[in-house]
Amino acid sequence: MAILIRGARLIDPGRMDRTGDVLIDNGRIAAVQDAYTHPAHLEGLEVIAADGLWLTPGLIDLHVHFREPGQEHKETIHSGSRAAAAGGFTAVCTMPNTNPVNDDPAVTALILSKAKEAGLVRVYPVAAISKGLKGEQLVDFGELKTAGAIGVSDDGRPVMNSQLMRRALEYAAGFGLMVISHSEDLDLAEGGAMNEGAVATRMGLGGIPNAAESVMVARDIALAGLTGASVHIAHVSTRESVAAIRRGKEEGIAVTAETAPHYLFLTDTAVEDYNTNAKMNPPLRSNQDREAIRQALADGTLDAIATDHAPHSIMEKEVEFDRAANGILGLETSLPLGLKLVREGVLSIETLIERMATAPARILGLETGIRVGLPADVTLIDPKKEFTVQADIFHSKSRNTPFEGWTLQGRAVLTVMGGRITYRG
Amino acid sequence: MPLENKDILDMASLSVPEINLILDTAESMREISERPIKKVPALRGKTVVLFFYEPSTRTRLSFDIAAKRLSADSIALTASMSSLEKGETLLDTAKNIEAMRPDVVVLRHAYSGAPHFLASRIKASVINAGDGTHAHPSQALLDMLTIRQHKGRLEGLKVAIVGDITHSRVARSNTVGLTKMGAQIVLAGPPTMMPKGIETLGARVARNVEEALSDADVIMMLRIQKERQKRFTMASEREYSRHFGLNRQRVALAKKDVVIMHPGPINRGIEIAADVADGPYSIILDQVTNGVAVRMALLYLVLGGGRHGDSD
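So the protein lines, in turn, are chains A and B.
For the first sequence, the numbering used here gives the first residue as 1, with consecutive numbering after it.
For the second sequence, the numbering used here gives the first residue as 1, with consecutive numbering after it.
Just so you know, these hints were derived from the structure itself, not from any lab.
Misleading hints may appear alongside valid ones.
Derived list of chain B stretches under chain A, where covered just means 3 residues or more per stretch with a C-beta under 8 Å from a C-beta of chain A [what the hints assert, rightly or not]:
1) 62 to 76
2) 122 to 136
3) 257 to 271
Computed list of lysine to aspartate or glutamate pairs in DMTMM-like fashion (alpha-carbon distance at most 25 Å, straight line) [claimed, not checked]:
4) Lys226/B - Glu316/A
5) Lys230/B - Asp185/A
6) Lys151/B - Glu237/B
7) Lys230/B - Glu190/A
8) Lys196/B - Asp273/A
9) Lys123/B - Glu318/A
10) Lys95/B - Glu316/A
11) Lys230/B - Glu316/A
12) Lys317/A - Glu98/B
13) Lys151/B - Glu239/B
14) Lys39/B - Asp286/B
15) Lys6/B - Glu318/A
DEER-style ranges, computed between Cβ atoms [stated by the list, open to error]:
16) Ser28/B - Gln295/A: 54 to 64 Å
17) Ala109/A - Ser236/B: 51 to 61 Å
18) Gly197/B - Thr407/A: 54 to 64 Å
19) Gln229/B - Asp273/A: 52 to 62 Å
20) Val288/B - Asp273/A: 44 to 54 Å
21) Asp273/A - Pro55/B: 37 to 47 Å
22) Thr78/B - Glu291/A: 39 to 49 Å
23) Met160/A - Pro55/B: 32 to 42 Å
Beta carbons: idealized from backbone N, C-alpha and C, even for Gly.
Please construct the entire structure, taking both the sequences and the accompanying hints into account.
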């Protein structure tokens, strides 16, 4: 089946920003022209009038939790894939903290087979660094690479042992696997349920200081320097981490980093009234941190926006704050929130798409763009479409969002992955 | 004037007139406990559930006596850790309590915010009897009543609170409440026990205990828990006692007519010297007596007592 998208503004960061027609055929981008006149032989050609809409490379989320295997009451690979497609995503990286943990080729294979069955988004499994995420023994990176893992991480938990982290960086580099650091000093974070500061003090909740993150970011950059390997820092939330990453990049160390939409929009005041949908790890920080994160995303110190999509059922969230699970949904609000950043003047639209599609592809070593011959992974955005965030109509199985009731403008209206329409809004 | 909300969750959600109403009502309740027959029919037919998720002797007893002196039916439940392990969530507990139609639930819980959680899910009034390190409003109110009894006022007093502020819901509730009533709060303790941003509650943090105590009208000492050594917030008890404990020399820094308080239970010889705890400035046992009166007032008021035209 062929698709012709007509008259959209084509935004391919660093390469193209113009109005034109894009022909998709046989899973690939077949033509990019000012005005495409289609020959009669293209049977069943679907023509999509896209005047006033924006066509971008398919969005890529470097950091999601699809909960399968093991916690299918929160999300499955199928429901997560639907949420991804509806959010404009054509590829995601799934974190290994499933049950069982993705530290075995059989788990990687299972994830890939379920993802293929769903057929809605490219799923790149991230395997564990250590067996069972216990921080004691390296996983067989070679086997997992062969099974289809794109990288390794103990996400959800840090690698507390610095020697293990050093070896993981060296060992992964040999297999061409990316290493993703969940940067958290567990001793400094112990007993904490939210950001350390006045709000936590008033609410009587244990605080997690900024340093619990930034000391580990600094450590992992130092280890990347030591080993010559590259490291990717997940979910950056503090200004001190930003400073450490900036310095690392200036020194030529191969460090990349992501932040999440909630760190760009919310601060620890969102936790007031013990709102468990504002509980995540790392926690929402101060306004100073939020401003630093915004600045760093704009200037490229932070390479990418990744959602840390973390579905939890009401059973894990409708409990005492200290006992509530960490994490929130992200896939179905990330692009609209990104577009809000553009409207607020924080980023240009090109930069936003770079941070949500081009840079993630670069970090993963994938080719992406609106160019003839490339796989047809594209997202069509209606920048004017206004809507109110309603978790009960999300495609995800879970409902845990702190953005409920927000009025946002702009969202994906068509998602195409490998030449097939995976979402139509 | 009735209370604005159905619940008593923290001092932040009580207004100055409400605090005055509670203290005035408690004054009149105090007399009931001095009678030979210590019982009035004010809350006859009302059911009060005392739900203590965390061990407590004094507060539970105090609420229980308060309920009984007002003729309410009170039932004390202690949720052992084993019932939590059985998997009943606070949400299910709330639904089950609600199904039994109590009028008031008094909740003590190890987690901050648990009373807020319960209050928004049941129709009965919830009185917070201490949640995590967040709030302990009935303790703050009984402290205020005791201070008022001895000083005749709250406004303009200098109140020093000394000890582990980080882990103290009593310090937080007293700081919020007393500040609201026009008192000046000064906090002191080891920097490891001073939480970030505590000044936003209206308190000043002193550089040392001596500074906090100088010219104080009221000294409140907080209980030190030995387990704190594990989290590295204190070195030895001996050192704590020397640098942060209350002894006679330090009491002399305060005003001549200073009163000394402690929410209990006391570690004699650690945060407070025995001769100070049992000495002439100590009003620690008055606090306990006033605890019953304040809790009677709270139960009475959340059940609608004190409304205009009320015949009780």
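We went through each hint and held it up to the structure:
1. Counting residues of the segment 62 to 76 of chain B whose CB lies closer than 8 Å to any CB of chain A gives 0, which falls below the minimum of 3, so the coverage claim is violated.
2. Counting residues of the segment 122 to 136 of chain B whose CB falls under 8 Å from any CB of chain A gives 5; the rule of at least 3 is met.
3. Coverage of the segment 257 to 271 of chain B by chain A is violated. Counting CB-CB distances below 8 Å, 0 residues qualify, and the rule asks for three or more.
4. Among the hinted pairs, lysine 226/B with glutamate 316/A is inconsistent with the structure: their alpha-carbon atoms are about 33 Å apart, more than 25 Å.
5. Taken as a hint, the lysine 230/B and aspartate 185/A pair is honoured in the structure, with Cα atoms around 18 Å apart against an allowance of 25 Å.
6. The suggested pairing of lysine 151/B with glutamate 237/B is violated, with an alpha-carbon distance near 33 Å, which exceeds 25 Å.
7. This hinted pair checks out: lysine 230/B and glutamate 190/A have alpha carbons roughly 12 Å apart, not beyond 25 Å.
8. Using a Cα cut-off of 25 Å, the hinted pair lysine 196/B and aspartate 273/A holds, with the two alpha carbons roughly 19 Å apart.
9. This hinted pair checks out: lysine 123/B and glutamate 318/A have alpha carbons roughly 18 Å apart, not beyond 25 Å.
10. Restraint check: the Cα-Cα separation between lysine 95/B and glutamate 316/A comes to about 17 Å, which is no more than 25 Å; the hinted pair holds.
11. For the suggested pair lysine 230/B and glutamate 316/A, the alpha carbons sit about 29 Å apart, so the restraint of at most 25 Å is broken.
12. For a cut-off of 25 Å, the pair hint linking lysine 317/A to glutamate 98/B stands: about 21 Å separates their Cα positions.
13. A threshold of 25 Å between alpha carbons decides the hint, and for lysine 151/B with glutamate 239/B the separation of about 33 Å lies outside it, so the pair is violated.
14. Between lysine 39/B and aspartate 286/B the alpha-carbon distance is near 20 Å, which keeps this suggested pair within the 25 Å criterion.
15. As the CA atoms of lysine 6/B and glutamate 318/A are separated by approximately 22 Å, the hinted pair is consistent with the 25 Å bound.
16. About 60 Å separates the C-beta atoms of serine 28/B and glutamine 295/A, a value consistent with the hinted range of 54 to 64 Å.
17. Hint check: alanine 109/A to serine 236/B, Cβ distance near 57 Å, so the stated range 51 to 61 Å holds.
18. Glycine 197/B and threonine 407/A have their C-beta atoms about 32 Å apart, which leaves the hinted 54 to 64 Å range violated.
19. The hint said 52 to 62 Å for the Cβ distance between glutamine 229/B and aspartate 273/A, and at roughly 34 Å that hint is violated.
20. Checking the proposed 44 to 54 Å range against valine 288/B and aspartate 273/A shows it is violated: the Cβ atoms sit about 33 Å from each other.
21. In this structure, aspartate 273/A and proline 55/B break the distance hint of 37 to 47 Å, their C-beta atoms being roughly 28 Å apart.
22. The supplied range of 39 to 49 Å is met by threonine 78/B and glutamate 291/A, whose beta-carbon atoms lie about 48 Å from each other.
23. Our hint of 32 to 42 Å for methionine 160/A and proline 55/B holds, since their Cβ atoms are close to 33 Å apart.
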